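2 protein chains.
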Amino acid sequence: MTGVERDRLARVALGRLAEPGDPRFAGLVAEMGAVELVDSLIGQRDLGGVLVDIEGRVDAVGPERELERAARAGIRFVIPSDEEWPRQLDDLAATEPLQNRCGVPFGLWVKGPLRLDELAHSVAVVGSRSATSYGADVAADLAAVVARAGHPVVSGAAFGIDQAAHRGALAVGGRTVAVLACGVDRAYPMAHKTLLDHLGAEGAVVSEVPMGCSPTRLRFLARNRLIAALTRGTVVVEAAVRSGALNTANWAGRLNRVLLGVPGPVTSAPSQGVHQLIRNGAATLVTSGAEVLELVGGAGDHLVEEPRARTRPRDRLSLRDQQVLDAVPVAHGARADSIARTAGLGLLEVRSALTRLQRAGLVEAGEAGWRLAALAHT
Amino acid sequence: MTGVERDRLARVALGRLAEPGDPRFAGLVAEMGAVELVDSLIGQRDLGGVLVDIEGRVDAVGPERELERAARAGIRFVIPSDEEWPRQLDDLAATEPLQNRCGVPFGLWVKGPLRLDELAHSVAVVGSRSATSYGADVAADLAAVVARAGHPVVSGAAFGIDQAAHRGALAVGGRTVAVLACGVDRAYPMAHKTLLDHLGAEGAVVSEVPMGCSPTRLRFLARNRLIAALTRGTVVVEAAVRSGALNTANWAGRLNRVLLGVPGPVTSAPSQGVHQLIRNGAATLVTSGAEVLELVGGAGDHLVEEPRARTRPRDRLSLRDQQVLDAVPVAHGARADSIARTAGLGLLEVRSALTRLQRAGLVEAGEAGWRLAALAHT
Numbered sequence: 001m002t003g004v005e006r007d008r009l010a011r012v013a014l015g016r017l018a019e020p021g022d023p024r025f026a027g028l029v030a031e032m033g034a035v036e037l038v039d040s041l042i043g044q045r046d047l048g049g050v051l052v053d054i055e056g057r058v059d060a061v062g063p064e065r066e067l068e069r070a071a072r073a074g075i076r077f078v079i080p081s082d083e084e085w086p087r088q089l090d091d092l093a094a095t096e097p098l099q100n101r102c103g104v105p106f107g108l109w110v111k112g113p114l115r116l117d118e119l120a121h122s123v124a125v126v127g128s129r130s131a132t133s134y135g136a137d138v139a140a141d142l143a144a145v146v147a148r149a150g151h152p153v154v155s156g157a158a159f160g161i162d163q164a165a166h167r168g169a170l171a172v173g174g175r176t177v178a179v180l181a182c183g184v185d186r187a188y189p190m191a192h193k194t195l196l197d198h199l200g201a202e203g204a205v206v207s208e209v210p211m212g213c214s215p216t217r218l219r220f221l222a223r224n225r226l227i228a229a230l231t232r233g234t235v236v237v238e239a240a241v242r243s244g245a246l247n248t249a250n251w252a253g254r255l256n257r258v259l260l261g262v263p264g265p266v267t268s269a270p271s272q273g274v275h276q277l278i279r280n281g282a283a284t285l286v287t288s289g290a291e292v293l294e295l296v297g298g299a300g301d302h303l304v305e306e307p308r309a310r311t312r313p314r315d316r317l318s319l320r321d322q323q324v325l326d327a328v329p330v331a332h333g334a335r336a337d338s339i340a341r342t343a344g345l346g347l348l349e350v351r352s353a354l355t356r357l358q359r360a361g362l363v364e365a366g367e368a369g370w371r372l373a374a375l376a377h378t
Numbered sequence: 001m002t003g004v005e006r007d008r009l010a011r012v013a014l015g016r017l018a019e020p021g022d023p024r025f026a027g028l029v030a031e032m033g034a035v036e037l038v039d040s041l042i043g044q045r046d047l048g049g050v051l052v053d054i055e056g057r058v059d060a061v062g063p064e065r066e067l068e069r070a071a072r073a074g075i076r077f078v079i080p081s082d083e084e085w086p087r088q089l090d091d092l093a094a095t096e097p098l099q100n101r102c103g104v105p106f107g108l109w110v111k112g113p114l115r116l117d118e119l120a121h122s123v124a125v126v127g128s129r130s131a132t133s134y135g136a137d138v139a140a141d142l143a144a145v146v147a148r149a150g151h152p153v154v155s156g157a158a159f160g161i162d163q164a165a166h167r168g169a170l171a172v173g174g175r176t177v178a179v180l181a182c183g184v185d186r187a188y189p190m191a192h193k194t195l196l197d198h199l200g201a202e203g204a205v206v207s208e209v210p211m212g213c214s215p216t217r218l219r220f221l222a223r224n225r226l227i228a229a230l231t232r233g234t235v236v237v238e239a240a241v242r243s244g245a246l247n248t249a250n251w252a253g254r255l256n257r258v259l260l261g262v263p264g265p266v267t268s269a270p271s272q273g274v275h276q277l278i279r280n281g282a283a284t285l286v287t288s289g290a291e292v293l294e295l296v297g298g299a300g301d302h303l304v305e306e307p308r309a310r311t312r313p314r315d316r317l318s319l320r321d322q323q324v325l326d327a328v329p330v331a332h333g334a335r336a337d338s339i340a341r342t343a344g345l346g347l348l349e350v351r352s353a354l355t356r357l358q359r360a361g362l363v364e365a366g367e368a369g370w371r372l373a374a375l376a377h378t
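The listed protein sequences derive, respectively, from chains A and B.
Mapping to this note's numbering: the first sequence position 66 is 66, numbers consecutive.
Mapping to this note's numbering: the second sequence position 313 is 313, numbers consecutive.
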């Protein structure tokens with residue numbers, strides 16, 4: 001057996017021995033390597049007090065069988081020495097725990113044709129499970145634009161924003177990946193089984209948790225760090241003040257990823273968490289997929305023109321005529337000599353300008369004198 | 001006649017000779033004083049080429065008559081040497097022109113009992129004339145909170161956000177001031193005559209433009225600098241990408257005033273300009289009157305607690321019980337020994353914790369084992 005395959009088996013075993021993102025195990029793997037760590041643990045050597053936690057788990061360890069079973073289900077286990085390994089995950093090695101989760105995963109279970117090294121330019125779109133239709137629509141549109149530009153969209157396959165993000169990317173034939181808090185062979189939430197099957201067939205479903213495992217709060221917290229670490233940037237679309245999406249956002253910030261937030265009505269509870277992120281300077285406000293691309297794309301890849309108002313009739317006037325137009329009263333009327341005084345121009349000049357402006361439909365002459373026409377307001 | 005009264009008459013005269021915010025006149029007043037400038041101009045001395053512009057205006061100059069007429073209408077003319085003068089306007093002396101308007105006004109025509117030196121802690125609430133009902137409601141609520149805390153609300157009496165801001169302040173018996181682009185004796189827009197009468201009776205209506213003058217585009221641009229300069233901070237509630245409110249915002253930034261923006265749906269055109277201001281870092285995102293007070297109030301005057309989620313049932317648990325709860329599957333069921341492994345705790349300990357959690361309604365026991373109850377999700 002090659003060293004790589006021994007390493008792979010040890011990492012599969014670690015997935016059964018440890019909870020994902022357990023800071024102690026992450027440290028031990030970095031220190032002594034997966035193979036030696038597993039040998040020590042199975043040999044009952046207590047390292048940093050973890051033995052008590054794995055008691056009762058050791059009987060679940062059977063990595064060869066587990067890999068065979070996975071292969072039959074079309075599931076692979078990708079480890080750091082594989083070419084497919086997403087290098088950006090290694091940034092997790094240097095992080096401090098957040099809610100007691102941290103570290104590089106031992107490996108990733110993957111179901112689907114998309115290779116994980118395609119995620120180098122991916123974008124996470126995450127948010128509230130109890131999204132509004134506004135939030136879901138914005139997430140779907142934004143994910144479609146990002147995916148169409150060639151950036152895979154990563155999310156968590158949850159209700160609400162996650163689902164809308166995957167759906168938006170799929171709608172344009174884009175790449176999209178779900179990172180789960182349970183085994184990739186399970187459907188959580190159950191209502192998203194079709195979506196997950198679809199992602200497993202066209203994109204990828206990813207988890208560091210072994211097959212068959214249920215989602216728990218701890219595993220969601222661990223999963224969130226993977227979404228942040230796998231992607232170049234995280235877009236939070238709607239997130240109440242206490243929301244898993246804010247945990248993902250927090251990880252994105254710690255990992256120096258781009259963190260973006262989509263605002264919404266201040267009266268909408270699901271936008272409150274996003275507004276806090278923007279207000280505190282943690283996230284940059286974005287309003288469109290194009291703005292997301294500008295901020296997460298390679299430098300200069302996607303330059304967005306700021307929305308500008310369309311050209312108005314007054315923009316086509318000579319500067320002199322604009323000056324006269326600016327001096328015409330908005331309401332009531334004024335005589336040409338009064339307008340000339342206001343504009344600081346000669347009377348003859350002003351008279352000929354007013355005639356031109358009248359032909360252009362910008363001013364109108366009434367009994368009380370010249371006044372702006374409706375067109376000049378637009 | 002005292003020097004102050006000669007200065008006042010000269011400044012009234014200047015209001016007739018010059019357009020508001022004309023950079024040349026502002027410079028000349030600063031250099032030679034109002035009295036000498038008016039004497040020179042009436043004596044036909046050309047200074048910086050302004051003589052051609054005042055030709056035809058000189059016959060309108062009659063400052064004594066003008067002050068008498070104003071006094072009869074309950075209108076006063078406040079100049080920099082008056083005790084009532086709002087000192088913060090002097091910041092305009094150091095500014096470069098924006099759209100060719102700048103400078104300290106010669107004086108301010110005021111109708112209403114509110115003294116201008118009460119505006120040191122005032123807040124401007126401005127925005128789109130074509131506001132949405134969302135924007136108008138937010139502006140009114142925000143103005144009410146600001147006014148109730150004792151900060152006068154300044155705006156422009158226009159349709160939309162301006163009107164809502166004045167209305168919000170009036171509704172709580174707060175102080176509010178309209179700064180106009182026309183004479184304070186005129187009602188623009190006409191539909192706001194009642195509002196303006198009300199403001200003139202309870203707060204103040206202010207303008208640097210002489211009585212009887214109509215609003216023009218130039219005068220709106222000049223007026224916007226006054227709104228920004230008079231106040232401690234400007235809140236932009238809704239503003240399309242081309243909007244007078246953004247001109248006011250620009251002035252607030254140049255004058256180092258606090259600039260705040262209220263976000264809205266990214267699909268709403270009237271919020272686009274505000275989102276740009278926040279995205280570019282020009283404005284800070286705010287979502288409530290309390291947040292406005294925190295940022296424009298005196299240091300520490302108004303400290304806002306960030307919105308937090310209410311306490312959840314899990315927050316009242318011991319750390320040990322939380323650890324067990326975190327390890328209980330979200331869906332499906334798990335046996336106590338599996339939960340013990342996930343939590344990294346002993347089986348007996350986990351069993352007694354599960355019983356406590358069940359009594360608290362946080363977990364439920366089914367055929368397949370323990371799972372989270374609905375309450376634990378909240």
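It cannot be assumed that every hint is accurate.
To be verified - Short, incomplete list of chain B residues facing chain A, as computed with Cβ under 10 angstroms:
| hint | residue |
| --- | --- |
| 1 | Gly33 |
| 2 | Asp137 |
| 3 | Cys182 |
| 4 | His332 |
| 5 | Gly344 |
| 6 | Gly346 |
By construction, these hints were calculated from the structure, which means they are not laboratory data.
All values derive from a computational prediction rather than experimental measurement.
Beta carbons are placed, not taken as given, at the ideal position from N, Cα and C, and that holds for glycine.
| field | Violations among the numbered hints, reported as their numbers in ascending order | value | Of the numbered hints given earlier, the structure breaks just one, which is hint 1.
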